[in-house]
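K.L.:
Sequences listed follow chains V and P, in order.
With our numbering, the residue at position 157 of the first sequence is 157, and numbering never jumps.
With our numbering, the residue at position 16 of the second sequence is 1016, and numbering never jumps.
If you are wondering where the hints come from, they were derived from the structure by calculation, not from laboratory data.
Hints may contain errors.
Computed cross-link-like contacts, DSS-like style, restricted to lysine-lysine with a CA-CA straight-line distance of at most 30 Å [what the hints assert, rightly or not]: (1) 165/V with 1123/P; (2) 169/V with 1131/P; (3) 1131/P with 1045/P.
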Amino acid sequence: MTAKVVTVTSGKGGVGKTTATANLAAALAAEGSKVVCIDADIGLRNLDVVLGLENRIVYDIVDIVEGRCRLRQAMIRDKRLPELYLIPAAQTRDKSAISPSDMIRLCDDLRTDYDWIMIDSPAGIERGFRNAIAPADTVIVVTNPEVSAVRDADRIIGLIEAEEKGPAKLIVNRLRVDMVRRGDMLAIEDILELLAVDLIGIIPEDELVVMSTNRGVPVSIDGKSRAGQAFRNISRRLKGEEVPFMNLEEHGGIFGRLSRLIRPGGN
Amino acid sequence: MASNVQIKGIREGLLVTLRGDEWSEMRHSLLEQISQQADFLRGGKLAIDVENQALSAAELSSLRNEISDNGISLWAVLGNSPKTILAAQSLGLATKLAKPMTERVQPQPETHTFEGDGAILVKRTLRSGYKLQYNGHVVVIGDVNPGAEIIAGGDVVVWGRLRGVVHAGAEGNEGAVICALDLSPTQLRIAGKIALAPQRRGKPQPEIARIKNDQVVAETWNPKEK
């Protein structure tokens, strides 16, 4: 096995990097791949919380790099998905505790035994970001349909290209079709026209995401959620499958238009 | 010629001048120097001057990573090759040291040597945060996105959408022009004049902006007119 290293990044904070990392990792593991998640957001760890593994942390990534534990000792195995592992970030140190070459070494040690290594990048463009993209084979940029998030995504895509890690793939998270229809939110076409990268997925706004994050159960392993379905589609696209984009318009055709007249903005 | 490393202290930290013919040797002697004095240098800020070496972004990025392994941060790369300067700017590194005040008051005539004849061609989209500075003309084949900035001593031509900030004739040349296939900038500057773009009506058309009657004016390109 030779694992593919996928780094999820964004520039701006709060757009859903950690949620995307957790959900893609869970979706890949649920389909039978062996997956390791690495939380590269040292000092502000939270991938463990989203995955519901917080209470099982003993060692973290800085312990591995500084030789206080073996690599396998720091890996937490998810109980629901037996082939999903997490290497948590340290909470008490900062980003300078590890370097880009530490990350490359760590991923090279993992490559032979797993299919996917998913790295959750911190926000920003400094050391932590460079640590996160150094070992990456593929970089996924997450953005929201907002001008500020798209601006930061543009900046980060430029840096990824400069580091020769491109072309980046784009996830547009928290899209609200009703707002786009009213012209109150950036449409996918506007975002792609500016960023000029490949779109790998669109995640609709879904309150189940917040609920599942709080419970520590990734929404992609819950069958009902539309956001979960969108994440599962992205995980299949990562594996090279051709998956058509979901139809986010719930009300199609003449009845849809009628019901929109009756309930404007209803989704 | 053997490679040669000179380190001197400057206001912003340390400036290392690298001389040599082979980049791999120069890089090796720099890293050797750094690891020998790692304890002394740790936490420091480093600027390097690579003189005439033409380096790619990947070469600079790997050097920056190795330097940061020693706890030192690389913040600026100086050099004479436009390739090196573009590569450093694309990584967000500085390419000039702050000039002392006295030099700013009296601009040196030799800094204008490029003006009027030199030009660089940039064949990609300039994304947010990218700042391109050049004494001569700048030609971009690609877009200039919002948040990107071009500062040129001469003219600026964009074969694509111009949505960022462009300053042409930055050293005072009022005859400089800015052209783009779609001229929708955040802000335009020619010499000392500043203009904001009006809201676009209808389909974008190629336009050229220049100073007329002391104002920056943009006109649609008309092939019939000469």
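K.L.:
Which hint numbers does the structure go against, in order from smallest to largest?
P.N.:
none
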